[in-house]
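Respectively, the protein sequence lines represent chains B and C.
Just so we're aligned: the first sequence equals residues 0 to 353 in numbering that gives the first Met the number 0.
Just so we're aligned: the second sequence equals residues 0 to 179 in numbering that gives the first Met the number 0.
Keep in mind that the hints are not guaranteed to be accurate.
With beta-carbon atoms standing in for the labels, derived distance ranges [claimed, not checked]:
id, chain 1, residue 1, chain 2, residue 2, range
1, B, Arg48, C, Glu171, 43 to 51 Å
2, B, Val53, C, Arg88, 41 to 49 Å
3, B, Asp7, C, Ser117, 19 to 27 Å
4, B, Val51, C, Ala89, 28 to 36 Å
5, B, Ile316, C, Arg88, 39 to 47 Å
6, C, Ser155, B, Leu61, 44 to 52 Å
7, C, Glu27, B, Ala351, 29 to 37 Å
Here are some chain B residues pointing at chain C (derived, C-beta under 8 Å) [claimed, not checked]:
id, residue
8, Asp4
9, Leu29
10, Arg32
11, Val33
12, Leu36
13, Arg194
14, Leu321
15, Leu349
16, Ala351
Residues from chain C that keep clear of chain B, each with C-beta distances beyond 12 Å, as calculated [what the hints assert, rightly or not]:
id, residue
17, Pro66
18, Arg68
19, Ser69
20, Pro71
21, Glu97
Note that these hints are calculated values from the structure, not bench results.
Beta carbons: idealized from backbone N, C-alpha and C, even for Gly.
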Amino acid sequence: MPATDPIDSGEFSALVDELRAGAPAAPERLRQRVLELVPAPRRRWSRRRRLVLVVVPAAAALAVGAALVHGFVSSGSRPQAVAAKGHTVGTLGPRATTTTVEKRAVPLKPATATTSDAVPGALLSDRLVHADASLSVRVADRAALTRATTQATRIVTALGGYAASVQYETSHQGYGSASLALRVPVGRVHAAVARLGRLGTVLEQRISTQDLQQQLARQSNRIGTLRRTISAYEQALQNPSLSDSQRVILKVKLANARKALAQMRHARSGTVSSAATANVSLTLTTKQHAAVTPVPRGRFDRMLGSAAGFLGLEGMIVLYALVVLSPVLVLGGLGWALVRERRRRDEKRLLASA
Amino acid sequence: MKLVNAMPASLRAPGAPAAPPFADVVAEHLDAVYGYLVYLTGDRAAAEDLAAETFEKAFRTWRRFDPRRSAPRTWLCRIAHAAAVDWFRAEARRQRREETYVRDAAMLEESVFAEGLSPELERALRRLTPAEREVVALRVLLELDGPSAARVLGISRTACSTRLSRALKRLEEEMTHARD
Numbered sequence: 000m001p002a003t004d005p006i007d008s009g010e011f012s013a014l015v016d017e018l019r020a021g022a023p024a025a026p027e028r029l030r031q032r033v034l035e036l037v038p039a040p041r042r043r044w045s046r047r048r049r050l051v052l053v054v055v056p057a058a059a060a061l062a063v064g065a066a067l068v069h070g071f072v073s074s075g076s077r078p079q080a081v082a083a084k085g086h087t088v089g090t091l092g093p094r095a096t097t098t099t100v101e102k103r104a105v106p107l108k109p110a111t112a113t114t115s116d117a118v119p120g121a122l123l124s125d126r127l128v129h130a131d132a133s134l135s136v137r138v139a140d141r142a143a144l145t146r147a148t149t150q151a152t153r154i155v156t157a158l159g160g161y162a163a164s165v166q167y168e169t170s171h172q173g174y175g176s177a178s179l180a181l182r183v184p185v186g187r188v189h190a191a192v193a194r195l196g197r198l199g200t201v202l203e204q205r206i207s208t209q210d211l212q213q214q215l216a217r218q219s220n221r222i223g224t225l226r227r228t229i230s231a232y233e234q235a236l237q238n239p240s241l242s243d244s245q246r247v248i249l250k251v252k253l254a255n256a257r258k259a260l261a262q263m264r265h266a267r268s269g270t271v272s273s274a275a276t277a278n279v280s281l282t283l284t285t286k287q288h289a290a291v292t293p294v295p296r297g298r299f300d301r302m303l304g305s306a307a308g309f310l311g312l313e314g315m316i317v318l319y320a321l322v323v324l325s326p327v328l329v330l331g332g333l334g335w336a337l338v339r340e341r342r343r344r345d346e347k348r349l350l351a352s353a
Numbered sequence: 000m001k002l003v004n005a006m007p008a009s010l011r012a013p014g015a016p017a018a019p020p021f022a023d024v025v026a027e028h029l030d031a032v033y034g035y036l037v038y039l040t041g042d043r044a045a046a047e048d049l050a051a052e053t054f055e056k057a058f059r060t061w062r063r064f065d066p067r068r069s070a071p072r073t074w075l076c077r078i079a080h081a082a083a084v085d086w087f088r089a090e091a092r093r094q095r096r097e098e099t100y101v102r103d104a105a106m107l108e109e110s111v112f113a114e115g116l117s118p119e120l121e122r123a124l125r126r127l128t129p130a131e132r133e134v135v136a137l138r139v140l141l142e143l144d145g146p147s148a149a150r151v152l153g154i155s156r157t158a159c160s161t162r163l164s165r166a167l168k169r170l171e172e173e174m175t176h177a178r179d
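All chains, full assembly: derive it from the sequences and hints.
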């Protein structure tokens, strides 16, 4: 209490005594009126507390329930059935030029990891096609990686192909990977992919084929046309009645036609050679693949896993909503503080001037 | 007085002092709150209504009252203060609307603050502003200490002492002027 307090200083003691002696007393009717307000005790909850005690647990229960339902529904199907889905992009019709067959994350035993059923056999029959294949295979450890790399080279050699490049990497933690660029005859690409897939667990495989038949036909037609043109030019040059200028022009055209013919023959040779071998990209790795479930889990475990993931997603949504709403909340708080300050000033002015 | 509406033990924090029964609070503090409102408003009828409103509001929020944070009298005065400010606002609107000052005329005719006050003191009190009468009521009539009164008024302790000192000085001057 400050020393200058007017009550404690006794400066106004007479006035204070007079004021206290004449303090107004509440009339009896007011006392009765107020006491009538006091009913029997009962448990009353404020609206805010009711809201907190009801809405918050309800929201939490709803979130957990949704996660459990999601987990239950998600765990109903076997992981192999989900992971082994393959799809074909495009169809092989008379005008189709590209076909891609894809197969991902097949957690099968090495002995059963055959892929011959993934590629329709008709794709490569009776037509000139170019094929590209990529294969990702997981092996057990570094020793298996070394063996698989050597074995892959032997497989393609046995099929009449060769290894264009081999990159082999290992780390101190026991992880390792090898990337092989392989070339095999197009007609044996199925067999190559199937045998390479047996080196370990197939994580991903993709085979795409490009139909070169129409391209070859166009190039052959163009070559025939150029031959006939050259023959015509040669016959025309044998005519003795040609002027010198006409003869020069014909010779230039003949030279151009011969040059175009040579280029077209070269292009057709490239087309044919392109259709002769298939590019096979093989990746061998010892790392765990995220999409692969090495040990099949029980349904309860999968349900818990899915529910936990769903709860995490819900948490992320709530966090995102908070981040988005935080500026609004800050502005609301500032507005509330301003309104409160304004009310306080109004109150002060009101009581000072009334 | 029978004990009614004491705060249930299950709702109190462990170790927290028990709040007195509400009926006891009414019996103990009704006169003080009424006197405070009479001084603040300068209108006995309004003070009566506001006192009833104050205790009604206090009863509704009695469960949230924490004896550790303030005394019941301070808590009631804060509620009464808010109710009185609302009343002043309503009065100001009404006066602007009607442009009449019936209440002022009534104040001149009858004793407002208390029956036992001298006419000079009564007149001097009327001349004070509500803010000045309020601090006099809190510190003198209700005998609240400086920090409690400052909390009710929403100002600092120093400002509260200053306001009280000015109010009492002005009261004395008005009384001296009336005697002369």
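Going through the hints against the structure:
Taking the beta carbon of each, Arg48/B and Glu171/C are about 50 Å apart, inside 43 to 51 Å as hinted. Under the hint 41 to 49 Å, the C-beta atoms of Val53/B and Arg88/C, about 35 Å apart, miss the expected range. Checked against the given bound of 19 to 27 Å, the beta carbons of Asp7/B and Ser117/C, roughly 25 Å apart, stay inside it. For Val51/B paired with Ala89/C, a C-beta distance near 33 Å keeps the hint of 28 to 36 Å intact.
Between Ile316/B and Arg88/C the beta carbon distance is about 44 Å. The supplied range of 39 to 47 Å therefore holds. Between Ser155/C and Leu61/B the C-beta distance comes to about 48 Å, which sits within the given range of 44 to 52 Å. A C-beta distance of roughly 31 Å is found between Glu27/C and Ala351/B, which places it inside the suggested range of 29 to 37 Å. Restraint check, Asp4/B versus chain C: the minimum CB separation of about 5 Å is within 8 Å; hint holds.
Interface restraint check: Leu29/B against chain C, minimum CB-CB distance 5 Å, threshold 8 Å, status holds. At a threshold of 8 Å, the smallest CB-CB gap from Arg32/B to chain C is about 5 Å, leaving the interface hint in force. Interface restraint check: Val33/B against chain C, minimum CB-CB distance 4 Å, threshold 8 Å, status holds. Checking Leu36/B against chain C by beta carbon gives a least distance of about 5 Å; that is within 8 Å, so the hint holds.
Interface hint at Arg194/B: violated, since its Cβ lies 75 Å from the closest Cβ of chain C, which is beyond the 8 Å cut-off. Checking Leu321/B against chain C: minimum C-beta separation of about 28 Å lies over 8 Å; hint violated. For Leu349/B, the shortest C-beta to C-beta distance to chain C is roughly 5 Å, which falls under 8 Å, so the interface hint holds. Nearest Cβ of chain C to the Cβ of Ala351/B: about 5 Å, under the 8 Å cut. The hint holds.
Consistency note on Pro66/C: stated as away from chain B, and its beta-carbon is indeed over 12 Å from all of that chain's, at 18 Å minimum. For Arg68/C, the non-interface assignment is confirmed: its Cβ lies about 18 Å from the closest Cβ of chain B, beyond the 12 Å cut-off. With a minimum CB-CB distance of about 17 Å to chain B, Ser69/C clears the 12 Å threshold, and the non-interface call stands. Chain B leaves Pro71/C outside its interface by the beta-carbon criterion, the shortest separation being 14 Å against a cut-off of 12 Å.
Distance to chain B confirms Glu97/C as a non-interface residue, since its nearest Cβ pair spans about 16 Å, more than 12 Å.
Going down the numbered hints, you'll see the structure goes against 2, 13, 14, while the others check out.
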